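Peer 1: Chains A and B are the protein sequences, given in the same order.
Each residue of the first sequence is one higher than the one before, starting from 0 at the first, in numbering that gives the first Met the number 0.
Each residue of the second sequence is one higher than the one before, starting from 0 at the first, in numbering that gives the first Met the number 0.
Hints listed in this document are in silico derivations from the structure and should not be mistaken for laboratory results.
Small disclaimer: the values here were computed from a predicted structure and weren't measured.
Just so you know, not all the hints are guaranteed correct.
[As the list claims (entries may be wrong)] Restricting the straight-line Cα-Cα distance to at most 27 Å, the calculated cross-link-like pairs of lysine-lysine (BS3-like) are:
hint	chain 1	residue 1	chain 2	residue 2
1	B	K72	A	K286
2	B	K72	B	K165
3	A	K463	A	K380
4	A	K5	B	K165
5	A	K61	B	K23
6	B	K421	A	K95
7	B	K421	A	K423
8	A	K575	B	K23
9	B	K118	A	K548
[Unchecked claim] Derived contacts from chain B toward chain A, CB cut-off under 8 Å, selection only:
hint	residue
10	S73
11	T75
12	K77
13	I94
14	T177
15	D228
16	N252
17	S262
18	G297
19	G298
Don't be surprised by glycine CBs; every beta carbon is placed ideally from N, CA and C.
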Amino acid sequence: MSTKGKVKGIIANLVIVEADGPVSQNEICYLETKGTKLMAEIIKVIGANAYVQVFESTRGLKIGDDVGFSGHMLEVVLGPGILSRNYDGLQNDLDKMEGVFLKRGDYTYPLDVDRLWDFTPLAVAGDEVIAGSWLAEVPENGQPHKIMVPFVFEGKYTVKSIIVAGQYSINEQVAIMIDQEGNEYPLTMIQKWPVKKAIKAYREKPRPFKLLETGVRTIDTINPIVEGGTGFIPGPFGTGKTVLQHAISKQAEADIVVIAACGERANEVVEIFTEFPELEDPHTGRKLMERTVIIANTSNMPVASREASVYTAMTISEYYRSMGLKVLMMADSTSRWAQALREMSNRLEELPGQDAFPMDLSAIIANFYSRAGFVFLNNGKTGSVTFIGTVSPAGGNLKEPVTESTKKAARCFYALQQSRADSKRYPAINPIDSYSKYLEYPEFEGYIEKRIGARWIPMVNEAKTILQRGMEVSEQIDILGDDGVPIDYHLKLWKSEIIDFVILQQDAFDKIDMLTPLERQQYMLGKVMEICNRDFIFDNFTEVSGYFKRIINTLRQMNYSDYESEKFIGYENELKDILKEREVA
Amino acid sequence: MATKAFQKIYTQITQITKATCSLKATGIGNEELAEVNGRLAQVVKIIGDEVTLQIFGGTEGIPTNAEVTFLGKSPTLKVSEQLAGRFFNAYGDPIDGGPPIEGEEREIGGPSVNPVRRKQPSELIATGIAGIDLNNTLVSGQKIPFFADPDQPFNQVMAMVALRAKADKIILGGMGLTNDDYLFYRNVFDNAGALDRIVSFVNTTEDPPVERLLVPDMALTAAEYFAVDKNQSVLVLLTDMTLFADALSIVSNRMDQIPSKDSMPGSLYSDLAKIYEKAVQFPSGGSITIIAVTTLSGGDITHSIPDNTGYITEGQLFLRRDTDISKVIVDPFRSLSRLKQLVIGIKTREDHPQVMNALIRLFADAANAKTKMENGFDLSEYDQRTLTFAKEYSRNLLAIDVNISIDEMLDLGWSLLAKNFKKEEVGIRQVLVDKYWPISN
């Protein structure tokens, strides 16, 4: 018999429940108030008292109200039909809910139980399998969705039988497994998994090395992220965090994109709801929504499920990775999740760490980021979860606990800079402070050498050096004045400005400029570096800016034109003429 | 509120702080309302049979044997068409001498809109102020605050925006409003003949600060009634949210919560988000737009209140006095409307985004030139031109007393560009330059 309990205390959404039997940490329970069941999770136990965080408003809850414990942790349902759905943080299907307003205790099933799927078996009777082995395949929005041996299975099993190819719904029995003692386990197309545990049905997790193309030049060219890599984007509000995240999720060369809107603005999610069904995936031509899963727990939705939402998203990502797919997960913003932890820790009267965040914040964040990665599955195929989180540092101060903890965990750092945003230099990623650790990986170097040539990384580093010089010179000019420095300094400054305006800055709202394929990035960087490596002779500094502005303008017009189109070539020829004017013999 | 029959009266208070009191009681629901010697209070914590109440009017003079009755409901507002044209206090009781409202009683601080049921905002709100319409276009269903120092004319600008915005209803939520400002709003709305479109919930500086906590929820419950039940476009004005947040910190402090940054409660972000996220475009046509005021201390936006607000709202509007033209302008650098992308160049002329950006970029160049000048350096010919441009741009477009249509703003923008710059200096797409660059130059 399952454990039951009674409400003993209420402090906002922290409720103390007296249990009449055994309970476990992180177990899910339901609080009954006026006929509605409210879901909650145990976060602390003292004697018979379970401290639970309720995922809903506790308005009207009374002392003595009944509580039922479920015997399991927070789980998600995994199976065909997850793609293009909009879930809340607890994997309830938001579209199945009735009415304009969210109702308390309205829990909806995440999958479609009636839909028939084209089932093709991959395994045959007698096959030896383990957790995560592929048994069958059903096409889901153009992706080969694998039906796998449930991840909770331990040890070796034998396939006793598997149903013939045909159309089945998710709850029909499709296979029977036998363990080594001869016990039989019938399987359907779905399985459950507790979100706070990582799915580890893979053979090994090597260091990631393959470039994940995002079409954003300041990322791909300057500080690239890789398949299975981790990155984070901290930035004060108004520096373009969300626009950048949306650009990456629209353009990245991934099979599946999982977006966790965690404690952010509802209208931003609405933008995805509205645009993604219309926009095309630039890589497959299918609609973007078909490859996307949205976990929406916006800032006005219950705080406690914010934490759950990122775990739900990560578990779904890992599930698709186990099918050998390239998954990109974005979370906006991990700071809201950390704040949810803080609210709870505060109500539990735990001793606070810095800025009242819980002491183990750093460990929690590191553990979460470690779930991303590139893996070799047990059948030798590869899959990846690339994770990019945003951080909203309080007051724009990067020394706050969430940013600092994340910096230790993530390998790419994209620092959004207020002053760049103020002068509308978007995306406002500071090229000097930001980094990608992957540039130092010999594995990545080897890969990129094959992909676009051995000269690439040295050229990128050269560009970074010019940017750094430009910044130093600009500071000196600010102190000494335009005429207080040699003309050569102005040249240095303007060369770095070319890189800034033509490579770093990109118009996320222009149809052509928003997405730059790697080949085009290579071409443009080559073009820009060629100019930067030229010698120019000027008589005085006033000529320098005017001349370079013309160069920048022409290069920008190239960015706005279709690659290698007549217009593009026209501007390129114009550029040649401009350069000829100042040719040094 | 009259006491109902068979209501249990408690008379033993065990603990009193400046904002809360505790007593032993059973069968009480969380967030339920109570009356303590006639003062309205709300349940904020229950441990066993000990119930903690937050008393909105403060606990001054509350005796340990005060009469406490529980009302069996959380705070409510009666909604109907009768709300229009009326002034209420934080509890929703009339303060204009008129009769009480008859209508359906609704709990305030109700549930959130299901995000998949929202519609993407797409209706432009024209204000005639170029600093807003041109650079930071507002959209219905948006939430945006003015970040302003207390000495800036934010109440005037907000009243102006409200009256020009063509909303079906304007709902004013005044928190810690000075009596003078309250009368200012009353007069402006009255003079504009708009009083019948206005509903006001006002907590003035004379009222207890904790009462303020009810004002946004009251205002938004009324807003939801008109937007959902009546499909109207509703504009909610909340001033001043900094004083609301201060009231939050008072309560959390009294409840011994560990403060986070700037002595604000750790839940400040969620508390503010719950209010601002009520801004929504409903698919049925109704909408709630929130324009708020967050006063700053010395322009510091890194303080917890503006900082958390900035992360929640869809942009912010900064007012600043431009000493070159001696007028208050909407600062183009620090102001932002996140939703403008949904309307500019779509609901407005195609050249809007690029003209807007070019003007701001050149204004930034002017700011750099100004710094150079102040540091005693020689200015280049280009610097001189940016300075001339900046003055004209500031006076003719950024100043808050501008009142023209968006097409006029764009035309004016092009003429300022053509007057001061060469085509290749403005960095606008060639096709647009070819089409809109004034011919006379």
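Peer 1: Taking the closest Cβ pair, is B/G297 under 8 Å from chain A?
Peer 2: Hint violated; B/G297 Cβ to chain A Cβ min 14 Å, cut 8 Å.
Peer 1: Is the shortest C-beta separation between B/I94 and chain A less than 8 Å?
Peer 2: At 27 Å from the nearest chain A Cβ, B/I94 fails the 8 Å test, so the hint is violated.
Peer 1: For the pair supplied as a hint, A/K575 and B/K23, is the alpha-carbon distance within the 27 Å limit?
Peer 2: 86 Å, violated
Peer 1: When you check the alpha-carbon spacing of B/K421 and A/K95, does it fall within 27 Å?
Peer 2: 57 Å, violated
Peer 1: Is the hint on B/T75 kept, meaning its closest Cβ partner in chain A is under 8 Å away?
Peer 2: 12 Å, violated
Peer 1: Sort out whether A/K286 lies within 27 Å of B/K72, counting only the CA atoms.
Peer 2: Violated, at roughly 48 Å.
Peer 1: Hint validation: B/G298 versus chain A, beta carbon distance must be below 8 Å. Holds or violated?
Peer 2: Status violated, d = 13 Å.
Peer 1: Quickly compare the C-alpha distance for B/K72 and B/K165 to 27 Å and report which way the hint goes.
Peer 2: 36 Å, violated
Peer 1: Taking the closest Cβ pair, is B/N252 under 8 Å from chain A?
Peer 2: Violated, because the Cβ-Cβ distance from B/N252 to chain A comes to roughly 13 Å (cut-off 8 Å).
Peer 1: Can you confirm whether the C-alpha distance between B/K118 and A/K548 stays at or below 27 Å?
Peer 2: Violated, at about 42 Å.
Peer 1: So if I understand the rule, the pair passes when the alpha-carbon distance is 27 Å or less; does B/K421 with A/K423 pass?
Peer 2: The hint holds at about 20 Å.
Peer 1: Taken at face value, is the distance from the CA of A/K380 to the CA of A/K463 at most 27 Å?
Peer 2: Between A/K463 and A/K380 the Cα gap is close to 36 Å, so the pair fails against 27 Å, i.e. violated.
Hint compliance for this structure: hints 1, 2, 3, 4, 6, 8, 9, 11, 12, 13, 14, 15, 16, 17, 18 and 19 are broken, all remaining hints hold.
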